[in-house]
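Using the sequences and the hints given, assemble the complete structure.
Residue numbers (the working numbering), protein chains in the order written: chain A, 2 to 120; chain B, 2 to 120; chain C, 2 to 398; chain D, 2 to 398.
Because the hints were derived from the structure by calculation, they are not lab data.
Just so we're clear, the structure is a prediction, and the values are computed from it rather than from any experiment.
Among the clues, some could well be false.
Derived SDA-like pairs: lysine to any residue, alpha-carbon spacing no greater than 20 angstroms straight-line [stated by the list, open to error]:
1. D:110 to D:144
2. C:110 to D:243
3. B:101 to D:351
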Amino acid sequence: MSRYPQQVVAYFHRPVCSGGTMLQGEAGSVEQGAWIAIAADCEAGQLKNVGFHAFACPHIIAACHWAVEVLEGAPVQALQDIQLDKLQQEFEIPVEKAGKLLILKDAFTSCYAAAGSVT
Amino acid sequence: MSRYPQQVVAYFHRPVCSGGTMLQGEAGSVEQGAWIAIAADCEAGQLKNVGFHAFACPHIIAACHWAVEVLEGAPVQALQDIQLDKLQQEFEIPVEKAGKLLILKDAFTSCYAAAGSVT
Amino acid sequence: MTDDLKETVYLDYAATTPVDPRVRDCMVMCLEQSEGFGNPASSTHVYGEQAAVVIRQAAIDVATLINASPDELVWTSGATESDNLAVLGAAHFKAMKGRHIVTVVTEHKAVLESCAQLEQEGFTVTYLRPDGTGLISAKDLAAALRPDTTLVSVMHANNETGVVQDIGAIGSVCRQHDVLLHVDAAQSIGKLPVDVIAQQIDLLSFNAHKACGPKGVGALYLNRERIRRIEPLLYGGGQQRGIRPGTLAVHQIAGMGEALRILGDEMEAEASRVSCLRDRLWQGIGQLPGVVLNGHPEQRLCSILNVSVAGVEGESLQFALDGLAVSSGSACNSSSGEPSYVLRSLGLSDQLAEASIRFSLGRFTTEADIDQAIKLFTRALAYLQALSCGASMKVNG
Amino acid sequence: MTDDLKETVYLDYAATTPVDPRVRDCMVMCLEQSEGFGNPASSTHVYGEQAAVVIRQAAIDVATLINASPDELVWTSGATESDNLAVLGAAHFKAMKGRHIVTVVTEHKAVLESCAQLEQEGFTVTYLRPDGTGLISAKDLAAALRPDTTLVSVMHANNETGVVQDIGAIGSVCRQHDVLLHVDAAQSIGKLPVDVIAQQIDLLSFNAHKACGPKGVGALYLNRERIRRIEPLLYGGGQQRGIRPGTLAVHQIAGMGEALRILGDEMEAEASRVSCLRDRLWQGIGQLPGVVLNGHPEQRLCSILNVSVAGVEGESLQFALDGLAVSSGSACNSSSGEPSYVLRSLGLSDQLAEASIRFSLGRFTTEADIDQAIKLFTRALAYLQALSCGASMKVNG
Ligand SMILES: Cc1ncc(COP(=O)(O)O)c(C=O)c1O
Ligand SMILES: Cc1ncc(COP(=O)(O)O)c(C=O)c1O
Ligand code: FES
Ligand code: FES
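Structure representation (structure tokens):
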């Protein structure tokens, strides 16, 4: 469907991966229109089994798939380095919907906070 | 053209016959939207060479052709016996246009008046 | 047909329908140079006359289907125009008598926005609310009528849920109170019997393109015993008794006539075929987790199945149904961004209203289409539900 | 083709035209089930998307012909609606600025009746009178403008006489006075170059069916620099930025696009071919006794020849031209019964206005058609002139 960019189409339909159990964080709610939970493991400061659950629109689901993909194997602090403008560009997220990206950001941040308490 | 009855179509395109020279009468004018001149000869009280000229609409022209046809050979007084309701029926003349028939009637009447002065 | 189209099952008949090949052929004939391509207003020559004959036959075909007389029809550019002409035209015409209108919150925008315009002009509009199944009651309607009420506008079948109002009962309330009844039958025409006499309808709006006819043509029925004239929306060359001027689109009107003639012949058999398919669809998806039916379970069109899915996000649901051409309560770039006002009025939460899918079936829908739809819908739901993992539940940590 | 049609030469292109086979094919494609029959508003699936692509291409084709941008077009049901939307919509929108409109007595009824409606609402309308050739002068227009004038509506080419106004000059007067200019180009589109930028046109109405396209579809151009919005005539689902809601008639719009695309390609060659035919016709009938040309001898469309015949009755002239499909200034059963207001305004007597014939030629007119027309016209005149024998002369007795 042409109203969604190719990147959204490419990243929407990835296999569901719930992620590890060590690090977990979430943000948003169904009422807010988007809820995202991030989960991963951490081995020697590196992220493993990065996964997510989401109640969210296609742009955000695609962005989640993309983000967990790039985070796999990255250092833990990468969880808080997710750059919203990059995601917005990559998935051509309409400006008026950009608010939803903040929820995504919050979910990763909350996951990183969990890392603080684990390590 | 279906908006004109068959009788009008049949009687509109008859050959032009100007009529005789003995009896002549006319009525109406271009400004009034119809002008009719009737002319005929009279032999032994019978109409001969009945003809007409007209500036008039199709219904009236057809009615003139029909009237002169039925008058040919008729007694002179037939000139004033032209029955408008018969013509109106025969040619399905719309009521709102019936005024034009009066001009036709007047033309025959004036022709009959000429007969009075001739005979 | 492009591959995209070939791969996509069309279940969006309530948005628009393919044109029946018989209708197409009839239209094409009117587009032939060697046929009566004339302007029906050109009464002075055969080209115009033949066009007028075509229009006349179409009027007969259309009038027959709704039990009206051919002269009670006004041709329009579609149901939007018919609705506007009915509501604005009747309200303006009757403005001396009163300036109160009654309608329902679940009407089509063409009616609601016309009413909003009337409010701007100083009219008062009462908006009835349906119950949780989408129905309004004749009693509520009667209670809403005032001495200055001139017009009631209630649609026959709702375009989102397919819920069918009891127009006969509504019509008799209106007659008792000597109020005009306008009915938007864009969705019901040819699917349900419409009888303007029996149902006591004064104004009826409908179009061709929801009924396997062409887009861009519709009609308004005006009960000539009850309303002599309405205020026109357009002014011009005096065509259609000045109620709706403009050169008549002969091929369009011919197409509408043929489309409605076919419906008259085939409606009954087709309605039962289509409702079987709809039931098959419901059997296939109704038992999936979270799926609920929207609107009254019986009082509805044979052709529409509107469902919501709990715990799934609306846009993603629509997106995941890529291989299905259906309508949904939600759309990222849609101008409004609001979830369906129709579903909200039935009491659905925003989430359920957004995660709604309208399947609408029609003449060319096959069992294979339905089975494919069930397959795709089941798969989409499984994916999204796995993804959202119950959604409202917290992550177990 | 019936025998009646076969025997009748069609010279009534200004009333409506046959649909070009290329246009028909393009429309038929949109009517095919296997093609993009979708609703262009259904943005969530490929059927809708393909329909939107078709609409977009048509907008480009149409915009190109008038040197506009595709987003400056609003699709309508024809020139009547475009005229109404332009005149009523712009006048209403600008009502805060002023309530004075200027137009011309020889405009089409769609403009004149819209103006009459505005007068009902308290607007003031100045009606300019053309000179004996049908032209208005930019100077007269300038003199008619007032501080509260918001809109000028002048047609490009007149539908009865074919007389062409100098829109460029009129446009520049309007710009100087910061007044909107609406131009009804229903007759000129594709026959004369129309350039909304060069001619400084703010609103342009036209349709497809005068240009070998389908009936029932038209467009309004809105100069987006000069007028942001107009008041709609119809309210509904928000299509076309709310200016003109209703499901877009894809096949109709595609047909209009194709028709205007063809015109862009062929206009020049076709205009010279048609004006040769028209000149041939005039050579054949112009020297017959009593025949006069109506309207400006040069400033007119290539395709229209309007003549009057002195001393012959109008309805009978029309009737005697049975084998010719032409328009006349007179008709027995016509609802008005009034002779043409356009011809009367040029100073013609009732008799001449009624005994007028508009020959209008087009794409499929051949030399043989013209020769047949000359023959039939000559014969009809001879018969009627013999019958009326000079008419106004008394019978010599
Ligand atoms: C109930 C209802 N009324 C009115 C309309 C408007 O019809 P149209 O698209 O022909 O203007 C529609 C369809 O869009 C409809 O479903
Ligand atoms: C100059 C002019 N304006 C407007 C119209 C109205 O066009 P339509 O028949 O498409 O409504 C016509 C033709 O009838 C016309 O010739
Ligand atoms: S689908 Fe969510 S921002 Fe577009
Ligand atoms: S043509 Fe004269 S009355 Fe009809």
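Consistency of the hints with the structure:
A distance of roughly 24 angstroms separates the Cα atoms of residue 110 of chain D and residue 144 of chain D; the hinted pair therefore is violated under the 20 angstroms criterion. A hinted pair counts as satisfied when its Cα atoms are at most 20 angstroms apart, and residue 110 of chain C with residue 243 of chain D qualifies at roughly 11 angstroms. Simply put, residue 101 of chain B and residue 351 of chain D have alpha-carbon atoms about 17 angstroms apart, close enough for the 20 angstroms limit, and the pair holds.
Checked against the numbered hints listed earlier, the structure breaks hint 1 alone; every other hint is satisfied.
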